[in-house]
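A.B. asks: Residues per chain are reported as follows:
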Amino acid sequence: MTAPDWPLFEVFIRARSGLEHKHAGSLHAVDARMALEHARDVYTRRLEGVSIWVVRSSEIAASDPLDADAFFEPARDKIYRHPTFYAIPEEVKNL
Amino acid sequence: MSASLLPAPSADARLRYVLRLADTSLILGQRLAEWVGHAPALEEDLGLANIALDLIGQARLLLSYAGELEGRGRSEDDLAFLRDAPQFLNLTLVEQPNGDFGRTLVRQLLVSAWQLELFEALQGCADARLAEIAAKALKETRYHLRYSASWIVRLGDGTAESHARVQNALDELWQFTGELFAEDEVDAAMLAAGIAPSAAPLKASWLARIDAVLAEATLIRPADSVFPWHGRGGVHTEHLGYMLAEMQFLQRAYPGAQW
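Line by line, the protein sequences are chains L and U. Going by this note's numbering, the first sequence opens with residue 1, and the numbers climb by one from there. Going by this note's numbering, the second sequence opens with residue 96, and the numbers climb by one from there.
Since the hints were made in silico from the structure, they are not lab data. One or more of the hints may lead you astray.
When the alpha-carbon atoms are kept at most 30 Å apart in a straight line, the in silico DSS-like pairs for lysine-lysine are as follows [said to hold, decoys possible]: (1) U:K298 <-> U:K231; (2) U:K231 <-> L:K93; (3) U:K298 <-> U:K234; (4) L:K93 <-> L:K22; (5) L:K22 <-> U:K298; (6) L:K78 <-> L:K93.
Bound-form chain L, shown alone:
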């Protein structure tokens, strides 16, 4: 089997109504219609989903791993951004 010269698509599957679409993987297809059919055949064979999104991988802008320090390190010591950092006073109801 030779890999066809088709663009790559990213596949997102919604497992059940009400849940969000989650990244399931990627595949090759000529266009969006074929990508949906391929996604159905490749990623929903075991009843994994009720809805599929596909998007061309080249359309996704991704953060650069080299920027990881600048992007993510500053959040590391800001523990006060987690709700668990705060003690809830007994008197406060319905929080």
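Please build the complex by placing chain U on the supplied structure of chain L, with the hints as guidance.
C.D. replies: Then chain U, alone, in the frame of chain L:
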């Protein structure tokens, strides 16, 4: 008309009718399974295998029913693996070799469009068991038709090479489509019993579907052939025997072998 007012078909006619449907699904499923590991892309490999498994699933339900109708204690496996070619009643079209990917999908389009019309009619028929199987198979068939039609449009309206290949396949395979709408005494008995749909309207809807796909694919519908093929009567092309030899080898060499 209420089913109870209709004459019950002879047990033999019903058995033959169910076997024709079962064998058509089984043989086409086996043919498609030959693509596993050989399709032009991994995604198509899975696509064809999924359709093959749908068809084999239909065949299992239908063969089990046929075994019960026959009343000789034969299971779906006995019927699939221990009958010889003349006892198979599938359409001649489905035993035709795969050829290239385009030819496989031309065959699929012709059969899926026919199965769609047929299962739609059968899901409301007077045979409750058959109606149930048809209703399940119908959902699968809708996808088979979408998949094959979409490929035929791409290939027909694609490059000069792909267009020539699928037109050529269509020209070769069209001669077998007459059998899809042939009516013999089995069909007549099942029609009279309110089970089988009448062939003429079935053919009109099928043709409308096929013509729409061919027009979009810029393909030309070949002229009808007058030669009557009789796969449904157990008279097959040479291809079926070779297929069965491969399909049945294990059960013939090691009777009762299990996974």
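A.B. asks: Determine for every hint whether it applies to the structure shown.
C.D. replies: Evaluated hints:
no., hint, in the structure
1, U:K298 <-> U:K231, "holds (22 Å)"
2, U:K231 <-> L:K93, "violated (53 Å)"
3, U:K298 <-> U:K234, "holds (20 Å)"
4, L:K93 <-> L:K22, "violated (35 Å)"
5, L:K22 <-> U:K298, "violated (44 Å)"
6, L:K78 <-> L:K93, "holds (26 Å)"
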